[in-house]
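Residue strings, one per chain:
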Amino acid sequence: MYRTALRNVLAHKGRLLMTALAVMLGTAFVAGTLVFSDTMGQAVRNSYSKSYSDVSVLVSDKWSRSAENGPKAAGEKKREALTDATVKDFAALPGVERARGVVTGFTAVADKKGNLIGEAWSAQGSNFAPDASGQDSRYPMVQGRGPKAAGEIALNKQAADKAGYQVGDKVRVAGNGAAEDTTLTGVFTSDDPQVTSGGTLVLMDTATAQQRLLEAGHYSSIALTAKSGVAESALLDAAKAKLPADVFDLETGQQLKDEQSEMVTRSVTGMKSMLLVFAGISLFVGIFIIVNTFTMLIAQRLKELALLRAVGASRRQVTNSVLVEALMIGVIASVSGLLLGIGIGAGMQSLLAGVNEGMPTGSLVIAPATVIGTLVTGIVVTVLSALIPAIRASRIPPVAAMSSGDLPSTQRGLVVRNSIGTLLAGGGIALILLGAFSKGSGGRTYLELGAPVTLIGVFVLLPLLSRPVVALVGPLLGKVFGTPGKLARRNAVRNPRRTASTAAALTIGLTLVTAVTVIGNSVTSTVTRLVAGSMKADYTVSMANHDEVARELAPVIAKANGVTAASPVGNVMWTMAGDRKAVQGFDAAAFDQLVKVDMTSGSTGALKQGQILVNDEFAGKHQLHQGSTLKLEVDGGKTVDLTVGGVFERNDALSPVIASNTLIDQYDSDSFVTEILVKGKDGATPALKQAVKEATGSNPVIQVLTEKDKVDEFSRIITTMLNIMYGLLGMAVLVAVLGVINTLAMSVFERKREIGMLRAIGLDRRGIKRMVRIESVVISLFGALIGVGLGCFLAWAAIRVLAADLNGLTTAVPYGSVALFLLLAALVGIIAALWPARRASRMDILSSIKTD
Amino acid sequence: MSTSTAYAAHTGLAAARATGLNKVYGEGDTRVVALDNVSVSFGQGEFTAIMGPSGSGKSTLMHCMAGLDTVSSGSATIGETELVGLKDKQLTKLRRDKIGFVFQAFNLLPTLTALENITLPMDIAGRKVDKAWLDRVVETVGLSGRLSHRPAQLSGGQQQRVACARALASKPEIIFADEPTGNLDSRSGAEILSFLRNSVRELGQTVVMVTHDPVAASYADRVVFLADGRIVDELTNPTADSVLDRMRRFDAKGRTS
Ligand SMILES: Nc1ncnc2c1ncn2[C@@H]1O[C@H](COP(=O)(O)OP(=O)(O)OP(=O)(O)O)[C@@H](O)[C@H]1O
Ligand SMILES: [Mg+2]
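Chains Y and A are the protein sequences, given in the same order.
Going by our numbering, the first residue of the first sequence is number 48, and it counts up by one from there.
Going by our numbering, the first residue of the second sequence is number 158, and it counts up by one from there.
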């Protein structure tokens with residue numbers, strides 16, 4: 048039996064090629080993901096442990112850490128600090144070789160045009176702490192020297208190169224305060240992971256760093272290096288005894304490395320899981336191809352298998368012979384997939400290293416789990432997929448060996464299949480609709496349940512759907528493409544199961560692609576609509592690091608050339624009538640010029656009288672109207688009455704309650720200014736932007752953006768996300784293309800005599816080619832159409848569910864993209880048909896006719 | 158011996174003609190001469206049967222004369238058209254417009270109905286179907302009630318009749334049939350044969366048919382005998398007995414030589 052199976056594999060190697068390729072691509076994706084993420088993780092971990100190599104114990108100030116990460120936590124009074132005295136104390140400890148005070152904090156660097164280099168979240172500043180030789184071992188200078196005085200800085204090489212700075216150039220830097228021009232004294236390299244992954248690092252002399260980033264004389268942390276032979280834990284205990292524990296964190300170098308390593312593992316695992324999901328999708332698509340191939344092979348070998356049965360082979364033996372074949376394919380494909388995957392992993396690694404030169408690199412990590420996981424996955428998927436065809440093969444009655452003629456296409460069994468499919472699809476759609484129309488968060492669960500059920504149901508129903516869908520385009524095919532078109536259309540539906548499983552592979556890819564596209568487009572267009580609809584301001588001034596904007600800038604901006612109005616937007620959360628809501632504050636005098644609201648009663652002028660405006664939703668909830676009062680809870684459990692000066696139509700860009708900044712400041716000292724709105728006399732002009740920028744001290748942290756800039760930035764992010772998705776789903780689509788090629792090639796082989804006969808009675812080579820090509824396009828479009836439809840439906844439901852959290856989100860189908868997908872699907876059909884069509888047209892008429 | 162007679166019989170009104178046709182397969186050890194200097198012509202409105210032992214080159218002759226296969230040397234014409242030297246495209250067009258085919262098996266496309274199968278050559282050519290002619294053909298074949306059936310729903314004999322109707326419907330200059338009754342029982346076979354003969358008698362069609370069966374050959378106007386790639390004899394107005402008689406003589410000769 049094994050020998051028969053082996054001979055079969057060898058005899059059909061051409062026909063099994065596509066199947067093997069499909070499995071290979073899927074497993075290569077798996078292996079590539081594993082190898083790449085392991086290698087990356089290893090490299091990043093190494094670079095972290097290197098950067099902590101001279102730290103035995105790190106003492107850090109909790110307070111300064113929180114200051115680093117966001118707005119100052121107000122109200123918290125600082126009791127103890129890490130000062131030069133503390134550093135001296137630690138240095139005097141018996142086991143300490145060296146104690147180094149470190150200051151870190153947000154510091155932005157401007158390029159020559161005054162714009163921020165890199166991203167605000169990775170813009171760091173720190174102190175240059177030279178040892179006796181005048182060097183800081185952490186920051187070896189490649190050019191110039193370290194900063195020694197205020198007004199001097201050193202910059203990491205990547206950042207300096209990016210902006211084109213040379214030693215001696217003037218460089219504008221800014222922390223949380225005003226921007227300042229400094230002189231670049233040195234360019235250095237660093238193995239700090241944040242720097243190597245593309246961040247910027249500005250070094251200042253310690254006194255300046257303290258002043259800018261923290262407070263004069265204070266450090267954010269102190270790194271202790273142990274004398275050789277002194278255990279880190281012993282040093283930790285000694286250091287602990289010196290300090291009150293509740294203000295400072297003390298950790299050993301090992302703990303830090305472990306922490307970082309764990310963090311790296313977590314983020315790499317996140318990436319790995321996401322990639323594996325996509326690898327899983329490719330493999331899932333591959334299943335359809337495997338099932339199809341074995342079903343077709345068995346149909347072609349019907350007589351042979353029946354003969355085996357007739358001469359005494361048991362059902363089990365027939366099943367096994369098919370499964371052994373699958374096993375062989377699985378092994379061959381998985382091994383080559385593994386090798387290819389390792390290659391992909393290595394390629395990705397060097398590609399990333401090429402794009403980003405600071406990227407940590409390391410030797411390729413091929414874990415045993417990668418090898419075993421990949422091989423087992425590939426083999427199990429292949430064998431399991433062949434199971435159904437194998438069982439079907441065993442059901443072939445021995446008498447089939449004697450019967451002559453061609454197999455009738457199997458319509459039997461479709462009744463059961465259709466009933467199951469209808470049930471699943473119907474149930475799934477019902478669940479999704481339930482989810483889409485249910486209020487609150489319950490909808491999500493319904494959707495998550497309904498979506499996979501619907502997908503499976505539709506896949507089960509695809510054979511049934513193939514006829515009516517193809518019939519839709521049928522008449523057109525005949526008219527436009529003549530006889531080849533007509534024949535192609537008939538061929539496309541002659542074996543609905545085969546057509547369905549070929550198309551299903553494309554359906555999966557297109558459902559996902561369409562769904563993410565529609566969701567992405569809906570989010571973008573909703574944001575665009577909201578932004579465009581609510582603001583009259585030409586520019587908003589905000590901080591790149593999402594810090595608070597100094598409200599003192601507003602009057603300065605207002606005086607700038609060409610500015611007609613400017614107002615800070617203050618944000619607080621207030622409990623009013625027992626309801627905790629966001630309240631936005633504007634300068635009453637500038638409000639009308641900056642914000643667009645539709646008043647249903649009252650007027651915006653009420654803001655000037657210290658009254659508030661509420662939106663209709665909030666008003667309805669609390670039965671408010673112009674003139675009513677609203678109780679606001681203020682400090683000390685007291686309440687004050689606010690007067691409603693007007694009601695406006697709900698607008699998702701504005702909070703439900705609007706007040707003047709003056710009113711807010713009266714009751715609340717914590718108002719957080721997110722941005723300053725600016726209106727110009729001639730609209731948003733470059734000149735106005737320049738004037739505003741200059742008025743704010745040409746600070747690289749301060750962004751002057753139009754609403755459109757913001758939307759563009761946002762849609763860029765969405766587009767990037769979509770492109771990544773497309774890239775990852777591309778593999779699944781590629782596998783699906785292999786499936787189409789596979790089906791066509793096998794169909795062409797099966798219809799050899801038909802093709803020979805058509806040639807004999809006068810269909811030319813072009814006609815034959817066209818026939819195969821159109822069949823391919825029809826199958827591809829069928830799969831794509833169902834996928835696009837399903838994707839839109841799922842996206843619509845998901846958006847309805849998401850809208851519960853994201854106010855104003857509505858579905859916007861990007862018709863252009865959808866049309867493009869269908870066009871691409873047709874192209875896929877044409878490309879997939881290239882080889883089979885060529886083969887069909889090259890077939891020798893006589894040998895085709897003679898084939899039994 | 159009678160090669161010259163076979164060639165001369167219908168010099169004036171030949172629908173198809175072969176002159177000094179050679180067909181060689183393979184090289185060296187595997188070299189097979191399938192046709193050895195064959196000259197034959199098939200007259201218009203004539204029903205010719207080609208007979209001979211298995212491997213004698215009957216199918217090869219037919220394929221070469223129908224433009225399905227290339228010849229090693231010699232000439233083959235359909236009407237006035239010389240086939241030798243034609244490109245694939247021209248040959249395809251020639252087959253489509255001037256030749257009808259009936260094969261032993263697998264003549265029909267399973268996805269098309271009987272009627273669609275019959276009109277297929279004209280559909281391919283993009284020609285209008287001559288409705289009156291089509292009706293007449295269909296009537297002669299006796300398939301009027303079954304035109305919308307798929308081949309799978311027809312018996313072997315019915316399928317073969319559809320194939321004949323297809324060959325006739327486009328009014329080709331000549332129909333080539335390779336063992337059209339080979340897969341059929343004698344009654345269905347007889348139906349096909351009388352149908353082919355009627356198409357010659359009543360519709361003026363030219364038919365060339367390869368067969369092994371003396372009874373089938375007796376439906377023809379003329380029988381050409383092939384042996385080892387050469388035309389060895391011919392018989393006009395054959396009967397089953399006279400054909401059988403001739404065949405016995407070859408067999409005897411073959412055994413003694
Ligand atoms: N493609 C081919 N390659 C090599 N030899 C061939 C090929 N086709 C036919 N032959 C040889 O040519 C000779 C004639 O073959 P052909 O098929 O014409 O015989 P036939 O008279 O039709 O036989 P049958 O009655 O069995 O159909 C045979 O010896 C055969 O082996
Ligand atoms: Mg033959």
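Calculated from the structure, these hints are not laboratory results.
Some hints here could point you the wrong way.
To be verified - Counterexamples of contact, computed for chain Y against chain A with all Cβ distances above 12 angstroms: (1) VAL143; (2) ALA414; (3) PRO445; (4) SER466; (5) LYS533; (6) ARG537; (7) ASN538; (8) LEU752; (9) VAL784; (10) ARG800; (11) GLY803; (12) ALA859.
To be verified - Away from chain A, derived, C-beta distances all over 10 angstroms, residues of chain Y: (13) LEU297; (14) THR530; (15) VAL570; (16) GLY744; (17) GLU801; (18) MET804; (19) LEU805; (20) ARG812; (21) GLY814; (22) SER864.
To be verified - Here are the simulated lysine to aspartate or glutamate pairs, DMTMM-like style, with alpha carbons at most 25 angstroms apart: (23) Y:LYS526 / A:ASP254; (24) Y:LYS350 / Y:GLU309; (25) Y:LYS816 / A:ASP254; (26) Y:LYS526 / A:GLU348; (27) Y:LYS816 / A:ASP342; (28) Y:LYS799 / A:GLU237; (29) Y:LYS159 / Y:GLU127; (30) Y:LYS526 / A:ASP287; (31) A:LYS250 / Y:ASP717; (32) Y:LYS350 / A:ASP254; (33) Y:LYS799 / A:ASP254.
In this text, all values refer to a predicted model and were calculated from it rather than measured experimentally.
Backbone N, C-alpha and C define an ideal beta-carbon position, used for all residues, glycine too.
How the hints compare with the structure:
1. Here VAL143 of chain Y stays apart from chain A, with its beta-carbon at least about 88 angstroms from theirs, past the 12 angstroms limit.
2. Its beta-carbon lying about 52 angstroms from the closest one in chain A, ALA414 of chain Y satisfies the requirement of being farther than 12 angstroms from that chain.
3. At the 12 angstroms boundary, the C-beta of PRO445 of chain Y stays outside the reach of chain A, the nearest C-beta of that chain being 22 angstroms off.
4. Every beta carbon of chain A lies more than 12 angstroms from that of SER466 of chain Y, the smallest distance being close to 26 angstroms; the non-interface claim holds.
5. The Cβ of LYS533 of chain Y sits about 7 angstroms from the closest Cβ of chain A, inside the 12 angstroms cut-off, so the non-interface label is violated.
6. For ARG537 of chain Y, the shortest C-beta to C-beta distance to chain A comes to about 4 angstroms, within the 12 angstroms cut-off, and the non-interface label is violated.
7. Annotated as non-interface, ASN538 of chain Y brings its C-beta within 12 angstroms of a C-beta of chain A; the closest such distance is 6 angstroms.
8. For LEU752 of chain Y, the non-interface assignment is confirmed: its Cβ lies about 62 angstroms from the closest Cβ of chain A, beyond the 12 angstroms cut-off.
9. With 12 angstroms as the threshold on Cβ separation, the claim that VAL784 of chain Y sits away from chain A holds: the shortest Cβ distance comes to roughly 25 angstroms.
10. With a minimum CB-CB distance of about 5 angstroms to chain A, ARG800 of chain Y fails to clear the 12 angstroms threshold, and the non-interface call is violated.
11. Residue placement check: GLY803 of chain Y does not keep its beta carbon more than 12 angstroms from all beta carbons of chain A (closest about 9 angstroms).
12. Against chain A, the non-interface label of ALA859 of chain Y holds: every CB pair exceeds 12 angstroms, the least being about 42 angstroms.
13. Its beta-carbon lying about 81 angstroms from the closest one in chain A, LEU297 of chain Y satisfies the requirement of being farther than 10 angstroms from that chain.
14. With a minimum CB-CB distance of about 4 angstroms to chain A, THR530 of chain Y fails to clear the 10 angstroms threshold, and the non-interface call is violated.
15. For VAL570 of chain Y, the shortest C-beta to C-beta distance to chain A comes to about 47 angstroms, beyond the 10 angstroms cut-off, and the non-interface label holds.
16. Distance check on GLY744 of chain Y: its Cβ is at least 78 angstroms (rounded) from any Cβ of chain A, clearing the 10 angstroms threshold; non-interface status holds.
17. Chain A draws GLU801 of chain Y into its interface by the beta-carbon criterion, the shortest separation being 6 angstroms against a cut-off of 10 angstroms.
18. At roughly 7 angstroms, the least C-beta separation between MET804 of chain Y and chain A is not larger than 10 angstroms, which violates its mark as non-interface.
19. LEU805 of chain Y, annotated as away from the interface, has a beta carbon of chain A within 10 angstroms; the closest lies near 7 angstroms.
20. Against chain A, the non-interface label of ARG812 of chain Y is violated: not every CB pair exceeds 10 angstroms, the least being about 7 angstroms.
21. Distance check on GLY814 of chain Y: its Cβ comes as close as 7 angstroms (rounded) to a Cβ of chain A, failing to clear the 10 angstroms threshold; non-interface status is violated.
22. The non-interface label for SER864 of chain Y is consistent with chain A: the shortest C-beta to C-beta separation is roughly 35 angstroms, beyond 10 angstroms.
23. Simply put, LYS526 of chain Y and ASP254 of chain A have alpha-carbon atoms about 22 angstroms apart, close enough for the 25 angstroms limit, and the pair holds.
24. A C-alpha spacing of about 60 angstroms is found between LYS350 of chain Y and GLU309 of chain Y, which places the hinted pair above 25 angstroms, so the restraint is violated.
25. Our distance criterion of 25 angstroms between C-alpha atoms is met by LYS816 of chain Y and ASP254 of chain A, whose separation comes to about 20 angstroms.
26. The suggested pairing of LYS526 of chain Y with GLU348 of chain A is violated, with an alpha-carbon distance near 37 angstroms, which exceeds 25 angstroms.
27. The suggested pairing of LYS816 of chain Y with ASP342 of chain A is violated, with an alpha-carbon distance near 37 angstroms, which exceeds 25 angstroms.
28. At most 25 angstroms may separate the alpha-carbon atoms for a hinted pair to count; LYS799 of chain Y and GLU237 of chain A exceed this at roughly 32 angstroms.
29. Simply put, LYS159 of chain Y and GLU127 of chain Y have alpha-carbon atoms about 40 angstroms apart, too far for the 25 angstroms limit, and the pair is violated.
30. Annotation: proposed proximity of LYS526 of chain Y to ASP287 of chain A holds, straight-line Cα distance about 20 angstroms (limit 25 angstroms).
31. Our distance criterion of 25 angstroms between C-alpha atoms is broken by LYS250 of chain A and ASP717 of chain Y, whose separation comes to about 89 angstroms.
32. At roughly 38 angstroms between alpha-carbon atoms, LYS350 of chain Y and ASP254 of chain A are farther apart than 25 angstroms, so this suggested pair is violated.
33. Under the criterion of a C-alpha separation no larger than 25 angstroms, the hint pairing LYS799 of chain Y with ASP254 of chain A is consistent with the structure, at around 23 angstroms.
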